[in-house]
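Assemble the complex: chain Z is given as a structure, and chain G must be docked to it using the hints.
One letter stands for each residue in the lines below.
Protein chains: 2
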Amino acid sequence: MTPQATQGRSVVLVGAGNVATHLGRALQETGCEVRAVYSRSEASARVLAAELGTRLMTDLADLPDADLFLLSVKDDALPGVAAQLCPRHPGSLFAHTAGSVPMSLFGGLARRYGVIYPLQTFSRQRRMDISFVPLFVEASDAAALAALTDLARSLSRYVVEMDSATRRQMHLSAVFVCNFVNHLYALGEQIMDRCGLPFDLLLPLIDETARKVHELSPRRAQTGPAVRGDKAVMDAQTAMIGDPDMRELYRMMCKSIEKISRQ
Amino acid sequence: MTPQATQGRSVVLVGAGNVATHLGRALQETGCEVRAVYSRSEASARVLAAELGTRLMTDLADLPDADLFLLSVKDDALPGVAAQLCPRHPGSLFAHTAGSVPMSLFGGLARRYGVIYPLQTFSRQRRMDISFVPLFVEASDAAALAALTDLARSLSRYVVEMDSATRRQMHLSAVFVCNFVNHLYALGEQIMDRCGLPFDLLLPLIDETARKVHELSPRRAQTGPAVRGDKAVMDAQTAMIGDPDMRELYRMMCKSIEKISRQ
Chain Z
1463 MTPQATQGRS
1473 VVLVGAGNVA
1483 THLGRALQET
1493 GCEVRAVYSR
1503 SEASARVLAA
1513 ELGTRLMTDL
1523 ADLPDADLFL
1533 LSVKDDALPG
1543 VAAQLCPRHP
1553 GSLFAHTAGS
1563 VPMSLFGGLA
1573 RRYGVIYPLQ
1583 TFSRQRRMDI
1593 SFVPLFVEAS
1603 DAAALAALTD
1613 LARSLSRYVV
1623 EMDSATRRQM
1633 HLSAVFVCNF
1643 VNHLYALGEQ
1653 IMDRCGLPFD
1663 LLLPLIDETA
1673 RKVHELSPRR
1683 AQTGPAVRGD
1693 KAVMDAQTAM
1703 IGDPDMRELY
1713 RMMCKSIEKI
1723 SRQ
Chain G
1463 MTPQATQGRS
1473 VVLVGAGNVA
1483 THLGRALQET
1493 GCEVRAVYSR
1503 SEASARVLAA
1513 ELGTRLMTDL
1523 ADLPDADLFL
1533 LSVKDDALPG
1543 VAAQLCPRHP
1553 GSLFAHTAGS
1563 VPMSLFGGLA
1573 RRYGVIYPLQ
1583 TFSRQRRMDI
1593 SFVPLFVEAS
1603 DAAALAALTD
1613 LARSLSRYVV
1623 EMDSATRRQM
1633 HLSAVFVCNF
1643 VNHLYALGEQ
1653 IMDRCGLPFD
1663 LLLPLIDETA
1673 RKVHELSPRR
1683 AQTGPAVRGD
1693 KAVMDAQTAM
1703 IGDPDMRELY
1713 RMMCKSIEKI
1723 SRQ
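So the sequence lines, in the order shown, correspond to chains Z and G. Following our numbering, the numbering of the first sequence begins with 1463 at its first residue and continues without gaps. Following our numbering, the numbering of the second sequence begins with 1463 at its first residue and continues without gaps.
Rather than coming from a laboratory, the hints here were simulated on the basis of the structure. One or more hints might be untrue.
Beta-carbon label-pair distances, calculated as ranges [what the hints assert, rightly or not]:
1) V1509/Z - D1538/G: 52 to 60 angstroms
2) E1513/G - P1564/Z: 49 to 57 angstroms
3) S1506/G - D1707/Z: 54 to 62 angstroms
4) D1625/G - R1713/Z: 24 to 32 angstroms
Pairs of lysine-lysine residues, derived as DSSO-like cross-links and limited to a Cα-Cα distance of at most 27 angstroms, are as follows [said to hold, decoys possible]:
5) K1693/Z - K1693/G
6) K1721/Z - K1693/Z
7) K1717/G - K1693/G
8) K1717/Z - K1717/G
9) K1536/G - K1536/Z
10) K1721/Z - K1536/G
11) K1693/G - K1536/Z
12) K1717/Z - K1693/Z
13) K1717/Z - K1536/G
14) K1721/Z - K1717/G
15) K1721/G - K1717/Z
16) K1717/G - K1536/Z
17) K1693/G - K1721/G
All C-beta atoms in this analysis are idealised placements derived from N, C-alpha and C, irrespective of residue type, glycine included.
Okay, chain Z solo, but in the shape it has when bound:
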């Protein structure tokens, strides 16, 4: 791929989940030709293919050739898909989008390969401006790195080279600050639901909690009963939680807050 972004280049989207949907849309917007969307079964793939005006393919053996194959399937499906797909397209560049899967997945299967990992949470229902999503790239050789970096730069203003071992650590951080955080929102909603309160009452608090760590380190930003050592509140709140798993989670979080505040 040349520095002239993705104009005139072609891609096949392998997978039709949240990441494939958002990257596929963005690639097409930058002028990239999406030659096909591959998905074994999902109904959502039909929607994505229709939106992008391209073919939905359900057999890896039938895929057209393309400059780039972008693999955004579940992590545990990646080895099988790569093994079937790569040898059929020896001249193409292959990249996966997974945080925790090493680039070496492609070793011995493809000649030119790499990773484009978007550090973001994608939901199909929400439009997303990819230009603000940090993209982390890695590639098998200098030419592949240049090609993937150019592609990434055509999509986002934050493009960083990162090796597989570091990316795996960053992905773990992301699970904590995004997936687990969202789950705490869900537990908060459950408590609000049970006393008939709208979840929306919590939104100013949720927003400020996120905004604060733009200015203060999370350790300095910590507030609440656990960091104050307010045992009376912690005991009372533990007793209020009916669900034993949630009660145990409450205890562990308090313990972990107290631990980090002593470090």
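Just chain G now, kept in the frame of chain Z:
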């Protein structure tokens, strides 16, 4: 207190922590006279008193009279402070600002009393526009409720009446979506630190995670290995975590996500 906001009214701030600091500033800005700041020891109290141009008092017995005594001390110090203070000022209105402490704390001690609970996370270092902070009020009688509601409305555009039992539940939700969420940010930072990555790389993800739940319910917004049932990633990530408490927390969060996604 009349509907003419707090102009010409007087308040004594009992406590000089984050909540007292932010409410004290906001009250003074609306024209309320802050007659004194009480704190037994904290150096931060000296800073607050100086900022507000008022006296720092360290003995409850010395406090001047005021229309309102606003008690923002630690939950477990509230009963003792109320017991000493209320009988000395029989004509005053008393309010505490605690989420988990019932209004009945003042029962038998004061004639007119209530609660103003701000649902927000306050850090001394961050300026805060109180007008966007939801305030939850409760009072001993209709006149006290009117007075506290007027005061609250002079500070914020979101003022809601709420009883002690409901407020306690909402405070528990707040601990999940704010205090525990911030702690997950701190754990994410710890992982980033260990591989030499700046925490700031996570900010776009943190922001989007918070923004998403303005549009989608947290349950629908959930992404990541646990909700996908991606056991390979979960096993690999569990193995990456060196600290046993953090590893256990990871396992519990995944289990809790899987549980809520099945409901």
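Results of checking the hints against the structure:
1. V1509/Z - D1538/G: 52 to 60 angstroms: Taking Cβ atoms as reference, V1509/Z and D1538/G lie about 55 angstroms apart, which means the hint holds.
2. E1513/G - P1564/Z: 49 to 57 angstroms: holds, 54 angstroms
3. S1506/G - D1707/Z: 54 to 62 angstroms: violated, 38 angstroms
4. D1625/G - R1713/Z: 24 to 32 angstroms: holds, 27 angstroms
5. K1693/Z - K1693/G: Violated. K1693/Z to K1693/G sits at ~37 angstroms, over the 27 angstroms cutoff.
6. K1721/Z - K1693/Z: With Cα atoms ~15 angstroms apart, K1721/Z and K1693/Z stay inside 27 angstroms; holds.
7. K1717/G - K1693/G: Holds - the C-alpha atoms of K1693/G and K1717/G are around 11 angstroms apart, at most 27 angstroms.
8. K1717/Z - K1717/G: holds, 19 angstroms
9. K1536/G - K1536/Z: violated, 48 angstroms
10. K1721/Z - K1536/G: Roughly 20 angstroms between the alpha carbons, so the hint for K1721/Z and K1536/G holds.
11. K1693/G - K1536/Z: holds, 11 angstroms
12. K1717/Z - K1693/Z: holds, 11 angstroms
13. K1717/Z - K1536/G: At roughly 19 angstroms apart (the allowed maximum being 27 angstroms), K1536/G and K1717/Z satisfy the hint.
14. K1721/Z - K1717/G: holds, 23 angstroms
15. K1721/G - K1717/Z: holds, 23 angstroms
16. K1717/G - K1536/Z: Holds: K1717/G and K1536/Z sit about 19 angstroms apart, inside 27 angstroms.
17. K1693/G - K1721/G: holds, 15 angstroms
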